[in-house]
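With the hints as extra help, turn the sequences into a complete structure.
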Amino acid sequence: LRQSKSAELIAFGIGKGTGLVSEQFRFTQRIRQGAAVNGDKGAVFLGAMIVNCPGNQFFAGALTGVLLVLSVLVAGHFLGASTTFARGASVIEKAVGIDPSQFAYFTTQKGRYGPGSLPNWQLLFVVGIIIGAFISSKLSGEFKIQTVPDMWREKFGPNPAKRGIVAFMGGAIGLVGARLAGG
Amino acid sequence: LTQRPRLSGLAQLSVSGFIALAFFFIGGLLFGIGWGILGYCPGTAAGALGEGRIDGLWGVLGIFRQMGPALFLPR
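Note that the protein sequences, when read in sequence, are chains A and B.
Those letters in the first sequence? Residues 1 to 183, by this note's numbering.
Those letters in the second sequence? Residues 1 to 75, by this note's numbering.
Computed footprint of chain A on chain B, listed as stretches where at least three residues anywhere in the stretch have a Cβ under 8 angstroms from a Cβ of chain A:
1. 26–38
2. 51–59
3. 66–72
Distance ranges between label pairs, derived from CB positions:
4. A:I165 / B:I19: 30 to 36 angstroms
5. B:F23 / A:N56: 33 to 39 angstroms
6. B:G28 / A:I131: 25 to 31 angstroms
7. B:I33 / A:D150: 19 to 25 angstroms
8. A:F78 / B:F25: 17 to 23 angstroms
9. B:F25 / A:V72: 20 to 26 angstroms
10. A:V96 / B:G17: 34 to 40 angstroms
11. B:G32 / A:G65: 16 to 22 angstroms
12. B:F25 / A:V69: 24 to 30 angstroms
13. A:G182 / B:L71: 19 to 25 angstroms
14. A:F59 / B:A20: 34 to 40 angstroms
15. A:V72 / B:G32: 19 to 25 angstroms
16. B:I19 / A:I145: 41 to 47 angstroms
17. A:G65 / B:I33: 22 to 28 angstroms
Honestly, the hints are just simulated from the structure, not real lab data.
All C-beta atoms, glycine included, are put in the ideal place defined by N, C-alpha and C.
Dropping the structure here:
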């Protein structure tokens, strides 16, 4: 799902370990205070704490699988993100004064992918990913404004434009694939 | 043998013919290549953005470029 950080974690294992101890105390305090005000929030903090422990990417991956099953059973939707970006593009086109209906994709299946299809369940899911990633990275202290990921820097250097162009191309190619396969 | 599982009908695969299968195949390959180049799938690109990784944003813009081609054309 994301670039693996295991090598990094081994290299900085000792440093991370000490960091986590103090963080866990911080979490305990927050959970206690939070529980007094709002019981639900305690569970969210606890979840973020478990998922952000080093080496628990596998646990988080398994949770994602459970989430997929639950999203179908409870909400009746498969979780996914790519279609929301496709729909979002039509909304942006419309907003800046371009008629999205000139593209067959946005008019097919009664405008299922057109600007009228948003907001919907999946949009909230994608917004939730951004908010959830922000909260959990803030809680674990991993939030960092970064233009080039560490692994990229090691292999291809620190140039943010280079990374930006490649990421841009990767996003474009990936979405062609997703649309082709109907995903 | 004729008894269907309780959850049947929740998911359906409708692959009709060789062309649809070819689209699945090529699309899946392209999706994987794009994922590999970007380093995120579309969902985790959003997550990366939430974590402060700006490169997730370039990936999302690439996606918009592909799906909203007119946005990037001179008018």
